[in-house]
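Enquirer: With chain Y held as given, fit chain C onto it using these hints.
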Amino acid sequence: MVDGQVVSDAKAESDSRIDALGQGVDIALVEEALRGRLEAFNQLVTRHQDHLFALVYRLVPDRDQAADVVQEAFFNAYRNLAAFRGGSVRSWLGRIAVNAAMDLQRARRRRPSQPYPEFEDDSWQPPAEADVQPETKALAAERSKILASALNELPFEQRNCIVLFDVEGYDYTEIAEIMHVEVGTVKSRIHRGRLALRRTLAPDRELFRG
Amino acid sequence: MDRTASAPHAGHDELLIARLYGGDVDERERALALDLMADCPECARLFADLGDIAQATVALPVPSRSRDFILTAADAARLRHGRPGWRAIFGAGLRRSLGGSMATLGLVGAVLTGSMSVLGGMGGTAGQIATTAYQQAPADGGTSQGDLALAGQTPTPTSPTKTIPSGQPAAHMSPGIVSNTTGQDGRTETPGPTVPVPSPATEADVATPSPHGAVDGGGKTFGQPEPADKSWQGGIDARLVWLIGFVALFAIGLAILILPWLMRGRGRRTPY
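Chains as they are written, first to last, in the numbering used here: chain Y, 923 to 1132; chain C, 10 to 281.
These are calculated hints, taken from the structure and not from any lab test.
Honestly, I wouldn't trust all of these hints.
Keeping only pairs whose Cα atoms sit at most 20 Å apart, straight-line, the calculated EDC-like set for lysine to aspartate or glutamate is [stated by the list, open to error]:
#1 Y:Lys1109 <-> C:Asp35
#2 Y:Lys1067 <-> Y:Glu953
#3 Y:Lys1059 <-> Y:Asp1126
#4 Y:Lys1059 <-> Y:Glu1075
#5 Y:Lys1059 <-> C:Asp61
#6 Y:Lys1109 <-> C:Glu36
#7 Y:Lys1109 <-> Y:Asp1093
#8 Y:Lys1067 <-> Y:Asp1126
#9 Y:Lys1067 <-> Y:Glu1128
#10 Y:Lys1109 <-> C:Asp246
#11 Y:Lys1109 <-> Y:Glu1128
#12 Y:Lys1067 <-> C:Asp61
#13 Y:Lys1109 <-> Y:Glu1096
#14 Y:Lys1109 <-> Y:Glu1099
#15 Y:Lys1059 <-> Y:Glu1128
#16 Y:Lys1067 <-> Y:Glu961
#17 Y:Lys1109 <-> C:Asp22
Anything over 10 Å on all C-beta distances counts as not near chain Y; from chain C, calculated [unchecked claim]:
#18 Glu23
#19 Leu41
#20 Ala57
#21 Ile62
#22 Ala63
#23 Val67
#24 Val71
#25 Arg104
#26 Leu116
#27 Val120
#28 Gly123
#29 Ser124
#30 Met125
#31 Val127
#32 Leu249
#33 Leu252
Glycine included, every Cβ here is placed at the ideal spot set by N, Cα and C.
Chain Y on its own, in the form it takes in the complex (with noise of 0.2 Å):
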């Protein structure tokens, strides 16, 4: 039986690991781009697209318009360097990212459309390790695309906090940051969205079992 504790703590420990390693760097870059010099902002940029379209994606699951979030978080960045206060770079270029994916969540719950377009086309696969066996590739395939559907079911709100917390490793607090809410909104939204989730994963409960 796994412990959540346990599994957040350990993620919580990780993450702040990664993020003390590029800490450096990315404040001198900072600083720089604060100087005028556009190729230190282009550098945070290269460090940090990678993960923001990763985040973004899981928020915003179509390629294109995670893509357009990402660039229009950038520009934010960028506009507003001069209000960067300190601490993690990756953080701050992240709450930028999710507010930017809140804003086109609200607009997309009026003009919905087909999620994760990327799973209803097969010439898309999940990336995998070479040697994995074409079995377990199928099945993660498969997981991948029933879960990400059931994570678009969500709303956008309880989404957004799993995502952050779960995949992210933000914590309770800087996720109701994030989201300009009460830390005790963010716990609900997140054990709510949870439970929501195994009842949609409910008929598929077997692939998920390790």
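Expert: Using the frame of chain Y, we list chain C on its own:
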């Protein structure tokens, strides 16, 4: 699903198990949740499922990004200078107050002015209906009844007929209201309903129209409303100006409120 296990599980607090998984329980709740999981296989399965789903979520593949997001020099220049100055000048609070006040004032003013115009217009219309009816009344000799009608006088069939002495100018007459039963001696021959006939002066003016309308024997212009009589027309014009002003005020206020919201795009509420 195991029915024998589900029956007692139906009353169990699944949210408590989810909170336990999220580490969001105090000691008492933790003990309660652990007891539930020890006694109920479905609760234990729920806890395990939450872990499996969380792991699958983390492992959810992400397609490679389709492009680089590096900023060009043109992007940078646009972003450095693109922020409108008025946004810095007008804070959100001031903008909302100003826009809201202007829109409200404009709307209220437009409604009031519009109502007044409608009421004034109805009065004018009623007058016009009366004069139109007056124009359509049977007359036996008048060719300038339109002029008479424009004088704004409404004939009253029951009003006493006025005797017009012969040879007397029509200056003292009520313009356009005379009896058609006037005899050669200037006396009224038969009382009865009166119909309008043109006065001599009016007839003369029909022959030689004055740019200002007909002139009676006393040099007084009639045949078109007196300045005091056409006050309602001038009022409509003034109200129209006011109406346009209020509508413009409303539109400007609305624009102040809405345009920044429309222009905000997707980057709003970003914590910087």
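Enquirer: Now look at each hint and say whether the structure bears it out.
Expert: Hint-by-hint comparison with the structure:
no.: 1; hint: Y:Lys1109 <-> C:Asp35; in the structure: holds (14 Å)
no.: 2; hint: Y:Lys1067 <-> Y:Glu953; in the structure: violated (42 Å)
no.: 3; hint: Y:Lys1059 <-> Y:Asp1126; in the structure: holds (17 Å)
no.: 4; hint: Y:Lys1059 <-> Y:Glu1075; in the structure: violated (24 Å)
no.: 5; hint: Y:Lys1059 <-> C:Asp61; in the structure: holds (17 Å)
no.: 6; hint: Y:Lys1109 <-> C:Glu36; in the structure: holds (17 Å)
no.: 7; hint: Y:Lys1109 <-> Y:Asp1093; in the structure: holds (10 Å)
no.: 8; hint: Y:Lys1067 <-> Y:Asp1126; in the structure: holds (11 Å)
no.: 9; hint: Y:Lys1067 <-> Y:Glu1128; in the structure: holds (15 Å)
no.: 10; hint: Y:Lys1109 <-> C:Asp246; in the structure: violated (64 Å)
no.: 11; hint: Y:Lys1109 <-> Y:Glu1128; in the structure: violated (27 Å)
no.: 12; hint: Y:Lys1067 <-> C:Asp61; in the structure: holds (15 Å)
no.: 13; hint: Y:Lys1109 <-> Y:Glu1096; in the structure: holds (12 Å)
no.: 14; hint: Y:Lys1109 <-> Y:Glu1099; in the structure: holds (13 Å)
no.: 15; hint: Y:Lys1059 <-> Y:Glu1128; in the structure: holds (16 Å)
no.: 16; hint: Y:Lys1067 <-> Y:Glu961; in the structure: violated (39 Å)
no.: 17; hint: Y:Lys1109 <-> C:Asp22; in the structure: holds (16 Å)
no.: 18; hint: Glu23; in the structure: violated (6 Å)
no.: 19; hint: Leu41; in the structure: holds (15 Å)
no.: 20; hint: Ala57; in the structure: violated (7 Å)
no.: 21; hint: Ile62; in the structure: violated (6 Å)
no.: 22; hint: Ala63; in the structure: violated (5 Å)
no.: 23; hint: Val67; in the structure: violated (5 Å)
no.: 24; hint: Val71; in the structure: violated (4 Å)
no.: 25; hint: Arg104; in the structure: holds (20 Å)
no.: 26; hint: Leu116; in the structure: holds (27 Å)
no.: 27; hint: Val120; in the structure: holds (31 Å)
no.: 28; hint: Gly123; in the structure: holds (34 Å)
no.: 29; hint: Ser124; in the structure: holds (37 Å)
no.: 30; hint: Met125; in the structure: holds (40 Å)
no.: 31; hint: Val127; in the structure: holds (38 Å)
no.: 32; hint: Leu249; in the structure: holds (39 Å)
no.: 33; hint: Leu252; in the structure: holds (35 Å)
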